[in-house]
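Peer 1: Taking the hints into account, I'd like the entire structure generated from these sequences.
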Amino acid sequence: MLNAILAQSKGATFWMPEQASTVAAEVDWMFYAILYICYFFFFLILVMMLGFVLKYRHRSGAVDHPAPAGHSLALEMLWTIPPTIIVLFIAWRGIRGFMDMAVIPPNAYEIQVTGQMWNWSFTYPNGTTVSELHIPKDVPVRLVMNSTDVIHSLFVPEFRSKKDVVPGRFSKMWFQATEARGEYDAAQKKWVNGFPIYCTEYCGTSHSEMLSQVIVHPTREMFDDWLADASVWTDKMTPQARGAQLYGMYCTSCHSVDGSSNTGPTWKDLFGADRAFTDGSQSKADEDYIRESIYYPQKKIVAGYPAGQMNSFLGQINETDVGAIIWYMKSLSDKFDQSNLPTKPPALEEGVVDEGAPKP
Amino acid sequence: MSAITTPNQFDVPAKGNEPHGHNYLNHSKGILSWMFTLDHKRIGLMYMALVLFAFFLGGTFAMLLRTELIAEGPTLLADKTQAWNLYNHMFSLHGAVMVFLFIIPAVPAILGNFILPMQLGAKDVAFPRLNLLSLYVYAAGAAFFLYVLLSGVINAWTGYTMPGGFGLDTGWTFYTPYSSSKSMSSVIPATGGAFILGFSSILTGVNFIASIHTLRPKGMGWFDMPLFLWGLYATSIIQILATPVLAITLMLLIAERAMGIGIFDPALGGDPVLYQHFFWFYSHPAVYIMILPAMGVISEIISTFSRRHIFGYTFIAYSSIAIALLGFLVWGHHMFTSGQSALTNVAFSLITFSVAIPSAIKVFNWVTTMYKGSIRLETPMLYGIGFIWMFSIGGLTGIFLAALSVDIHMHDTYFVVAHFHYVMVGSMLFAFIGGMNYWFPKMFGKMYNERVAAFAAILLFIGFNLTFFIQFVAGSHGMPRRYANYPVQFVSHHYWSTIGAYIMGLSLVIVLFNWVAALLNGKKAPANPWGSNTLEWQSASPPPHDNFPTTPVVTDPYDLDRWRYVSDDEGWVLTDEAKAAIAAGTARTGQLH
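One line per chain: the protein sequences are A and B, in this order.
If you count the first sequence from 1, position 192 lands on 192 in our numbering, and the numbers rise without skipping.
If you count the second sequence from 1, position 107 lands on 1107 in our numbering, and the numbers rise without skipping.
Everything labelled a hint here was simulated from the structure, so no lab data went into it.
By construction, the Cβ of each residue, glycine as well, lies at the ideal position given by its N, Cα and C atoms.
Hints may contain errors.
So, partial list: chain B residues that the calculated Cβ filter (under 7 Å) puts toward chain A [claimed, not checked]:
hint, residue
1, Phe1315
2, Asp1412
3, Arg1482
Dumping the calculated BS3-like pairs for lysine-lysine here, alpha-carbon to alpha-carbon at most 27 Å [unchecked claim]:
hint, chain 1, residue 1, chain 2, residue 2
4, A, Lys300, A, Lys284
5, B, Lys1524, B, Lys1579
6, A, Lys268, A, Lys300
7, B, Lys1372, A, Lys55
8, A, Lys299, B, Lys1182
9, B, Lys1182, A, Lys172
10, B, Lys1524, B, Lys1446
11, A, Lys344, A, Lys236
12, B, Lys1446, B, Lys1123
13, A, Lys236, A, Lys190
14, A, Lys299, A, Lys335
15, A, Lys300, B, Lys1182
Peer 2: So, in structure tokens, the structure goes:
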């Protein structure tokens, strides 16, 4: 009967978000069990306290009761032993639930996760890296996580799963989604309505922008199709479009593309502009400068911006993708002749041997 | 000391202090007589001025950060990055100032300093010079935080154009490697300030332990002490054992940040999780530094205003010590998601549950004390009842967080924020303000306006619950803490929470104005306005420089039948039987055990 009371609906309740992983039901069972125990004790205390206030409230003129030193071993045991038994039960059940989260199934599908101020990247076994987590439904997934800078923490409320992502070590978590979620919005050219991913360890200025989502594909086949599709872009989009995609993955939390101010300089009209640096030197923002800023961001700091904000993307964004980002920056700049932008995906350009993007 | 001219009378003042009575406030004059005083009462008042100022600053930060969160998107500043930075600085300074400058010293350094020697029937603490030193060490530590704050304000004023080293944006926890290698803010001055404040805390702890061991008067055994002293004693144990660990940790952090010595930053060969172990080894026991003296205050208030002997005295006393000792063994529950081993998590979860038991014992004993009482709902008692409400919610929600599987979901969400605010603000702040109202007549010899005080207490209760209860719901739905911005599903949670915070702010202003008004033209307070039997009430209000003209006769601190109410002007006076027992030499302790 207890289970019947505590078995919560899979949808969101007053206290809990939707259940979408194999461990969520157990967590919610535990949560509601503790909640009802707490309701009982809280109202017990409240009824006693307010009851005594009402019943024994001093009325003017009334003579006080004599107040002998009171203690009762029986009463002390009454409120020591039952609570002890109750918390031992909660501790045991909480530990059991936790072990289910901690023990990773050996057949789990592995995805590498990198946390970086302030974005996530997810790398699949075939080397494809994306900024949103795509997983198949009903397949255990193992995340092997690392940070390139400070501590982050990956949290998916609907999965009831969370783990810190610590620099200098790999931390692991796993989950198995029980609900499919998210669809591709062709108009916006992006996936929408996934389960939110939050960073839950404070990591500096844009901690609250370090967001992503989990797209749960209904079947393993659909997931495999997505992965195959995501792995190759050169036959699907222009390099500047690929650059825009990479911008959305890695750069958007610090750099604007519309001229508004942010942690780092805006990309609007940046390519080809003159840059003044904090050490007093100057240079033009050409291809080489942009590549250096992505791989070695601390070498030149634009005047008016603090040092130390940006991390190197060496090893995360390959040379081909750096080229695509440069194309994207060119497409944003009034100093670049827009008629020179590529109009077709690189693999479809006539006369181009497919070895990635055209060199910018 | 020979300057004392208080009349040497046996039956210490049942009446209020005489119009031009000699007391510690007018004992000597001039600023130097305060700066170099060794009087625990004056030191307590100077602590009060500094700590309340820190509370005002911390409260202002809270109002600002709640205002940033009242609506989605950047609120206080138009620019996103600047708004996020401002928010990050506000929550960091709010936490650091409130924890290190307000919550930890508030009850021990203000109420403890003033009341502890008096409850012992003593003239002063065991080491008065050390006591004065602790005040100046506190002021020095506070000065560091003031520097951090002012530099941050100047930097914000000039549009964040300075290259760095201003304000504080690491959170009060200073987690590495963000604090040691990434943050652009004044981490070294802030941690240096916390380091110095630790010494102030240690000096107070040493002093209280020595005082309780050596200054108890004839007839006062350990189990004849008021429970406030048990609370302070348990607190002092934590202060002297745990604070040095914080000092070492912050030193290592400073060494890494200033000199690049690799201890916590993996880029330098260190381990960031090691920092968390070190930090919480202090900072979890520090939670009990905050709550144990508050529990002591509540024991005094509940008994006095119920006119009942405290129920289960020895259980309350032992539970304070149990909480202090168990508190050293549970730090790992802050790190359930940090990547420490599953076995470690299991062990810390089990030990954490053990703290629930002594906490439950206290609550049930307080409530039972009210049974068959003659309950007076004066302001301190309103805070006492409010405390039991708050502490019940704060304590019970701790069970969710101790349960491993549930904590994984709740960790670092607003559920945790709400939980610890119910304990640290709801409970500790209610005990502190309740204690201030309780002892205010003793400290200043003036009565505050009871109606205004009661109104402020009720308003504070409403504002607090509005602010924080809704945060449990936001947190269980996944709202992460320390977020300058939030998804649209949490808009109404944050809106109402901010409205509650404004109500809290308003009620605290009323509390303060009521005290100031009482100081300026409050009614003269009798020696014993509440009819309590602890020794401080057997001195005049305000007390003379030496506290007691003669050593007071020690009786059971909760034997409230010795007092009967005469009038508002006279307060409560000893019954004829009690006076006769003193004269006959038969008044004594020993009823408690």
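Peer 1: Run every hint past the structure and note whether it holds.
Peer 2: So, going through the hints one by one against the coordinates:
no.	hint	in the structure
1	Phe1315	holds, 5 Å
2	Asp1412	holds, 4 Å
3	Arg1482	holds, 4 Å
4	A/Lys300 - A/Lys284	holds, 12 Å
5	B/Lys1524 - B/Lys1579	holds, 25 Å
6	A/Lys268 - A/Lys300	holds, 19 Å
7	B/Lys1372 - A/Lys55	holds, 8 Å
8	A/Lys299 - B/Lys1182	holds, 17 Å
9	B/Lys1182 - A/Lys172	holds, 24 Å
10	B/Lys1524 - B/Lys1446	holds, 5 Å
11	A/Lys344 - A/Lys236	holds, 8 Å
12	B/Lys1446 - B/Lys1123	holds, 22 Å
13	A/Lys236 - A/Lys190	holds, 14 Å
14	A/Lys299 - A/Lys335	holds, 24 Å
15	A/Lys300 - B/Lys1182	holds, 18 Å
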